[in-house]
Amino acid sequence: MRREQVIRTLLFFLPTLVFIIALTAPGGDYAFRAGPLAEVAAGQLPYYVYVSNKTLHLYSSPYAPWPYPKAIEVKLFYPTTVFISSTCGAVAASSVGEAPGSYSVDVVVPPGFQGDCWVNFTHPSGWRDAVLLRVKLVDWYPGATERAVVTLNGSGWQFVQVGQGGTLYIWERPMAQIPVAGCVFVYNKSVLLAETQRYREVAPNVIPPAVVPSSSGSVRYGAFIKLEGASQLYIYKADCLTTPRLNISGPPPLRAEIGVVLPTPTGPVFDAPVVNNTVTYATGLRTINYTEAVARIYRLYVYTYNTPVGLWGAVFRYSFALTTLLTVKASLFRPGGELQRVGDVWIYRVGNVTYWIYGPQPHRLCEPPCGAPAGWQEPLYVVVDPTGQWRGWPNVVAVRREVLQPWRS
Amino acid sequence: MLAVLLGAVALFAAVSIINVTYWYVNTTAPPVIKYVGNDTNVMNGTFVKADWYYDSTTGLNITRVYVTGVPGDIVNITNALRVCNNYNVSVNIRISDVSLLQDYYPGDNYIRYMAVRIVDPPGAADNRVEIRDEAAVDTTTSYVTLAPGQCAILGVDLVIDANAPYYRTLAAYQINIEKVPQ
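Protein chains in written order, with the working numbering: chain A, 49 to 457; chain B, 306 to 487.
Keep in mind the hints are simulated off the structure, nothing from the lab.
Don't take each hint at face value.
To be verified - Simulated restraints on C-beta separations:
#1 N400(A) to S401(B): 48 to 56 Å
#2 V254(A) to T326(B): 20 to 28 Å
#3 V254(A) to Y471(B): 48 to 56 Å
#4 E386(A) to T363(B): 18 to 26 Å
#5 P257(A) to E483(B): 31 to 39 Å
#6 G454(B) to G265(A): 53 to 61 Å
#7 N366(B) to N443(A): 50 to 58 Å
Stated by the list, open to error - Stretch-level coverage of chain B by chain A, calculated; a stretch enters the list once three of its residues show a Cβ under 8 Å from a Cβ in chain A:
#8 365-377
#9 404-412
#10 431-445
#11 455-469
Don't be surprised by glycine CBs; every beta carbon is placed ideally from N, CA and C.
Construct all of the structure, not just a fragment, from the sequences and the given hints.
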């Protein structure tokens, strides 16, 4: 072959070869690029994660996996796939990629894990990179940034609720204001089953507010704890867990003397309430019966509820009209037996059942006659104990707020 | 279209002007003051006497009047209670809302008749409330007007069944005295 033919052939063949390779190579023209296959770096992390180069200082929790969404970012410069593995099962994805671009990798630290954990990124070409997760186990519910620590002193089963405004209720009775409201309760190293129930005001601008269970309104989160002396309850600002509803039967019928003796031209009458509306609500933990009743000089809003711990409760709210009527008996709630005053609560004992009541005097005989009650009465909070084990509402000893901080800075 | 839009704006627009007021809650003397009548001096108050007590749960002052009948006889108490206008304007008063609050012998009608009358000033179209067989049958009188400083005199007529026990309280009635200053 002549020299000119060789040159002509090479000048035609080599560009054609390059063109064909570029056209047919899986990576197209990336086949001729230089530089790293990909870069691995820290992604979007919450403030409580300290990051140093490719080392992330994370937390793990004993209660649940601790998710760190988009914790690692992989920038892929080639149209290929990078494989991912972790030495602690913290990454669910096995690979990222295909097209060049930026990819986020979610990290989920398994519950109870502590120590170092490598997240390895590999490619068949021999390229590799890694991120080190340094994990500290902490007694904290995963994902929450703050919690309320409530120290309670008491005994027996207690039904604790937290309203959205931060009011702490125990057996429906407001007891304290706490700095963090949420649906996750941790007590005695356990996450508690929790319920949500909405409450609405039956009349505006009443002090204290006249609230009753409702299908709409502000939410309260509730859980049961069994106290034995002074204990700490942790309430995390976190969403509720999905838990199956317990099968709780309805509360027992409310058998009690409820009403006011009033004079009439023909003789005294007992002004008893007549039910005009009843609604049942089933929460995850309780069955609640709400009733509105009317009488001649008052309107009664009452709800009773049953629990899985052998106790049941009730809340009474009376709205009396202003009248000139005298009475010899005002019975806001009297299930029977003698009324006793113990500390700041009222107690009835009927057989083996003890009725604990917090609020105004639930039963009063007036000799000589006294004026009938007027206006909104303070709520009556009732806890009924057929077990003989309950010893009253606990004391709220202390309340404080804790915020999760990075464990290394 | 513009009119509709303007109408919609008018619907959603609102001007609110709040005038701050400051309310003092004061007290004054009642328009009338009740005094025991002259008949309380008869037999040291055996037939009628009165006092008052304070109801701490409601904060009310409640006047309590005791009237005593004689079983089998008619008792007329002509000056049981005096109700005096304490204001320097006229006050209309009446007896109202008679009702039975306590019946100590529910099975027996020992109080066969009882009337509380406005003895003075005279001239009321209906000057008495009446109780028959322990039930109130006329519960309200007409108004009478008291000039400043003037007193009304209330009397009581009683017929107690001859079978009623002696020295017992038979029943208690709520009887209001309504006062309307002019």
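Hint check results:
1. N400(A) to S401(B): 48 to 56 Å: Holds, at about 50 Å.
2. V254(A) to T326(B): 20 to 28 Å: Hint holds: Cβ distance 22 Å, inside 20 to 28 Å.
3. V254(A) to Y471(B): 48 to 56 Å: The hinted range 48 to 56 Å holds for V254(A) and Y471(B), with Cβ atoms some 52 Å apart.
4. E386(A) to T363(B): 18 to 26 Å: holds (24 Å)
5. P257(A) to E483(B): 31 to 39 Å: holds (36 Å)
6. G454(B) to G265(A): 53 to 61 Å: holds (58 Å)
7. N366(B) to N443(A): 50 to 58 Å: violated (40 Å)
8. 365-377: Held - the stretch 365-377 of chain B has 3 residues with a Cβ nearer than 8 Å to chain A, which meets the minimum of three.
9. 404-412: holds (count 6)
10. 431-445: holds (count 5)
11. 455-469: As far as the stretch 455-469 of chain B goes, the hint is violated, because 0 residues have Cβ atoms under 8 Å from chain A.
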